[in-house]
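Line order of the protein sequences matches chains A and B.
First residue of the first sequence? That's 1 in the numbering used here, and the numbers climb one at a time after it.
First residue of the second sequence? That's 1 in the numbering used here, and the numbers climb one at a time after it.
Take these hints with a grain of salt, some might be off.
[Stated by the list, open to error] Under the rule of at most 25 Å between Cα atoms (straight-line distance), these lysine to any residue pairs were calculated in the SDA-like manner:
hint: 1; chain 1: A; residue 1: Lys284; chain 2: B; residue 2: Thr93
hint: 2; chain 1: B; residue 1: Lys134; chain 2: A; residue 2: Gly187
hint: 3; chain 1: B; residue 1: Lys134; chain 2: B; residue 2: Pro155
By construction, these hints were calculated from the structure, which means they are not laboratory data.
Please read these numbers as outputs of a predicted model, since none were measured by experiment.
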Amino acid sequence: MTAIDDTSTEPRQSATASSIVHDATPVIVAGTSRARTLFDNLWSPAVFGAFVIGIWYLVSYGLLDEQRRFLLRPPHRVISEGFLKWDTLSELLLALWSSTKVAAIGLFIAICLGFFLAVIMSQTKVVERALFPYLVTLQAVPILALTPLISFWWGTGQTSRVVVCVIISIFPLIVNTLFGLQSAERGMHDLFTLHHANRITRLRKLMFPAAMPAIFAGLRISAGLSVIGAVVGDFFFGKGDVGIGQLVRRYANQLQGEELITSVILSSALGVAVFLLFTWLQNKAIGKWYDGSSGGGGA
Amino acid sequence: MITTNAPDKRTTAALSFHNIGMTFPDGTVAIDDVSFDVDKGEFITIVGPSGCGKSTLLKIASGLLDNTKGTVAVDRDRIGYVFQDATLLHWRTVRANVELFAELHGIDSSERRHLAQDAIDLVGLTGFENHYPKSLSGGMKMRASLARTLTLKPPVFLFDEPFGAVDEITREHLNDETQQLFLKEGFAGLFITHSISEAVFMSTKVLVMSARPGRIVAEFPVPFDYPRHPDIRFEPEFAKLSGEISHALRGSHS
Chain A
1 MTAIDDTSTE PRQSATASSI VHDATPVIVA GTSRARTLFD NLWSPAVFGA
51 FVIGIWYLVS YGLLDEQRRF LLRPPHRVIS EGFLKWDTLS ELLLALWSST
101 KVAAIGLFIA ICLGFFLAVI MSQTKVVERA LFPYLVTLQA VPILALTPLI
151 SFWWGTGQTS RVVVCVIISI FPLIVNTLFG LQSAERGMHD LFTLHHANRI
201 TRLRKLMFPA AMPAIFAGLR ISAGLSVIGA VVGDFFFGKG DVGIGQLVRR
251 YANQLQGEEL ITSVILSSAL GVAVFLLFTW LQNKAIGKWY DGSSGGGGA
Chain B
1 MITTNAPDKR TTAALSFHNI GMTFPDGTVA IDDVSFDVDK GEFITIVGPS
51 GCGKSTLLKI ASGLLDNTKG TVAVDRDRIG YVFQDATLLH WRTVRANVEL
101 FAELHGIDSS ERRHLAQDAI DLVGLTGFEN HYPKSLSGGM KMRASLARTL
151 TLKPPVFLFD EPFGAVDEIT REHLNDETQQ LFLKEGFAGL FITHSISEAV
201 FMSTKVLVMS ARPGRIVAEF PVPFDYPRHP DIRFEPEFAK LSGEISHALR
251 GSHS
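Use the sequences and the hints to build the structure in full.
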């Protein structure tokens, strides 16, 4: 078959689209416009940040007198006492590393277990129906109410912290993976049925790839939750390797406001870093074909 | 696999429906007593109002649905079935999508690649092998879907209103290409559409189906020689036949 009108126009459109990236001249245009968008995106949060810091100073110096200033130390003190004192910072970074390890192990276990359960549930309706109410219930239990029980069973060390991470982060993984596995369109399933594909082939070539966007959405949520789990577990159990949670507790007890705020900032930075890591991984893994911007699938 | 228990003369056809009836579990009678054959080298189009069971008939032919009455005789191992939607797998490039069926049939990768390239060239998607579906237009997606089915070299080709979602110009091109594929591959074609002009342009025979329960109420052989030029649509004979079919279709609505 020879040239057909609409194929000959369609290629042209996509050729223009890609030439913006490859041509030398347009890159400069794109470069300045990128700088422009960056500026547009940054100025408003920067202004708001400055506003918040202004309020912070106002509270520290205007509302609080000398004796009560420990309630909210001014920003420059947080920087000089928390971030610029190597003793404090090294202690915090070490604790952060310990919490990161706990969160990573917890997340890893949650991923394995979550995938396994989601696959089983996707293959057997009875199992899905049997497990789902309990998973929702587990999700609804406040993690702090569970921590005493966890410490009864697994002690107050590393294991218990990992268990907290698993419990807190597994739900979005199961739900998103299951949702993703069930998201392949009916027509696509029909194709596999027509060509006599078996269960494994269908799972491997259809359901898993179709589930990827939802799986990544789940991963990004769960990774953040796992960091929270690691900090909360450490805070509550307060034994073993010193993590951020134990430091938070100590700083609070000793009224070390600067260090306390520093540890809050560092642990949220860890959460953000983990989220960005998984966003990056998602773009690497499925960015080429997936064009949803929000990540699909919700828990 | 030949699915038949009617050992009569009909089994010589590539696809044969014999007294097909379909009643859904909720009691809806979708199809009632439909019988016809599609021989190799025949291109039969069914036109009918929405919901008259046209698509159901294709699902029965392919084995996606089991009919409640009658028998179907067809070789289901290499049946070609193009859906209303292109149903391309988003995570596969055009090439990988086109290779899918050969992959599911266990054909080795070099042979697969060869088959896919031939089919891609045939539908005019050469140069788009590494594109993902998200960057294709509706017409191109449909071409990729056709190419995917062509890799099987199916003796029986089912089309479930495949060009309903593309614009008129693209649709006419696709009609022309489908006609050329039919002439080149010589399959037995069964095509479903709402468009009378599309039906007359491509088919050897047009069947008119009535609304629920679906029955074949009229049959129009199309006398024009192949290959048919797109401008045949403006010939008086074409208009006359289209008018008759349209009339029969209106009758089937009441």
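Right, here's what the structure says about each hint:
| no. | hint | verdict |
| --- | --- | --- |
| 1 | A/Lys284 x B/Thr93 | holds (16 Å) |
| 2 | B/Lys134 x A/Gly187 | holds (17 Å) |
| 3 | B/Lys134 x B/Pro155 | violated (31 Å) |
Hint 3 from the earlier list is the only one contradicted by this structure; the remaining hints agree with it.
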